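Participant: Sequence:
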Amino acid sequence: MKIICIGRNYSKHAKELGNEIPEKPVIFIKPDTAVLQGNDFYLPEFSDDVHYELEVVLKISKGGKYIQKENANKHYEEIGLGIDFTARDLQNELKTKGLPWELAKGFDGSAAISKFFSKNDFNIKNINFDLNKNGEQVQNGFTKNMIFGFDEIIAFASQYFTLRVGDLIFTGTPEGVGKVEENDILEAFLEDKKVLDLRIL
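Numbering (this note's numbering), first residue to last: 18 to 218.
The hints are simulated quantities; they were obtained by calculation from the structure and are not laboratory data.
Hints should not be assumed to be uniformly reliable.
Unchecked claim - The calculated label-pair distances, taken between Cβ atoms and stated as ranges, are:
(1) ASN200 x ASN90: 29 to 35 angstroms
(2) GLU62 x LEU116: 19 to 25 angstroms
(3) GLN85 x PHE63: 37 to 43 angstroms
(4) ASN90 x LYS19: 18 to 24 angstroms
(5) ASP138 x GLY35: 32 to 38 angstroms
As the list claims (entries may be wrong) - Think about it this way: if two alpha-carbon atoms lie no more than 35 angstroms apart in a straight line, the pair counts; the simulated DSBU-like pairs of lysine-lysine are:
(6) LYS136 x LYS210
(7) LYS114 x LYS79
(8) LYS82 x LYS29
(9) LYS114 x LYS32
(10) LYS32 x LYS211
(11) LYS136 x LYS161
Quick caveat: nothing in here was measured; it's all calculated off a predicted structure.
Backbone N, C-alpha and C define an ideal beta-carbon position, used for all residues, glycine too.
Construct the complete structure from the given sequences, taking the supplied hints into account.
Facilitator: The structure is reproduced here in structure tokens:
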């Protein structure tokens, strides 16, 4: 199982980090060891600036290569939410040197993932998702605001990576990302259903 992640897929988020709006999906990958086990996220010792990034996650149900956009919706049946934890200080250091981001994005426990739900339960083109930190809303996203939609992401990624059943795709985060501190509580909502409840340690 691989975790494909899309960066800068909401224009306001790209702007809040001072990045250009991409013309093609920006892709990076997390290893399967990045999946957080349980509800406790331990701050890594190598970073003093870990950020939360809430995202809608697709679970691939039908593998494929060179998938056409018009057929992409046949390749996933379930969606969930995920938090892409990012060591922002390390990421900025790597970007400044022109180096890859994996150390800042793919470390152990950096992918918190909810249970998955049938895509048929949602209006896929306008899913609402939210993140609360210590009881206050910090992120509020709508999939209609994505630069690249689900089908476009699947079609693009499958040009480079063979998609396999069980692969996950993090589809990008809206604006409002920020730092987590010890003892913070993060709660993620898919529409009005709480699907993640994490403690920062």
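Participant: Hint by hint, note whether the structure agrees.
Facilitator: Cross-check of the supplied hints:
no.: 1; hint: ASN200 x ASN90: 29 to 35 angstroms; in the structure: violated, 41 angstroms
no.: 2; hint: GLU62 x LEU116: 19 to 25 angstroms; in the structure: holds, 20 angstroms
no.: 3; hint: GLN85 x PHE63: 37 to 43 angstroms; in the structure: holds, 42 angstroms
no.: 4; hint: ASN90 x LYS19: 18 to 24 angstroms; in the structure: holds, 20 angstroms
no.: 5; hint: ASP138 x GLY35: 32 to 38 angstroms; in the structure: holds, 36 angstroms
no.: 6; hint: LYS136 x LYS210; in the structure: holds, 14 angstroms
no.: 7; hint: LYS114 x LYS79; in the structure: violated, 38 angstroms
no.: 8; hint: LYS82 x LYS29; in the structure: holds, 31 angstroms
no.: 9; hint: LYS114 x LYS32; in the structure: holds, 21 angstroms
no.: 10; hint: LYS32 x LYS211; in the structure: holds, 28 angstroms
no.: 11; hint: LYS136 x LYS161; in the structure: holds, 15 angstroms
Checked against the numbered hints above, the structure violates hints 1 and 7; every other hint is satisfied.
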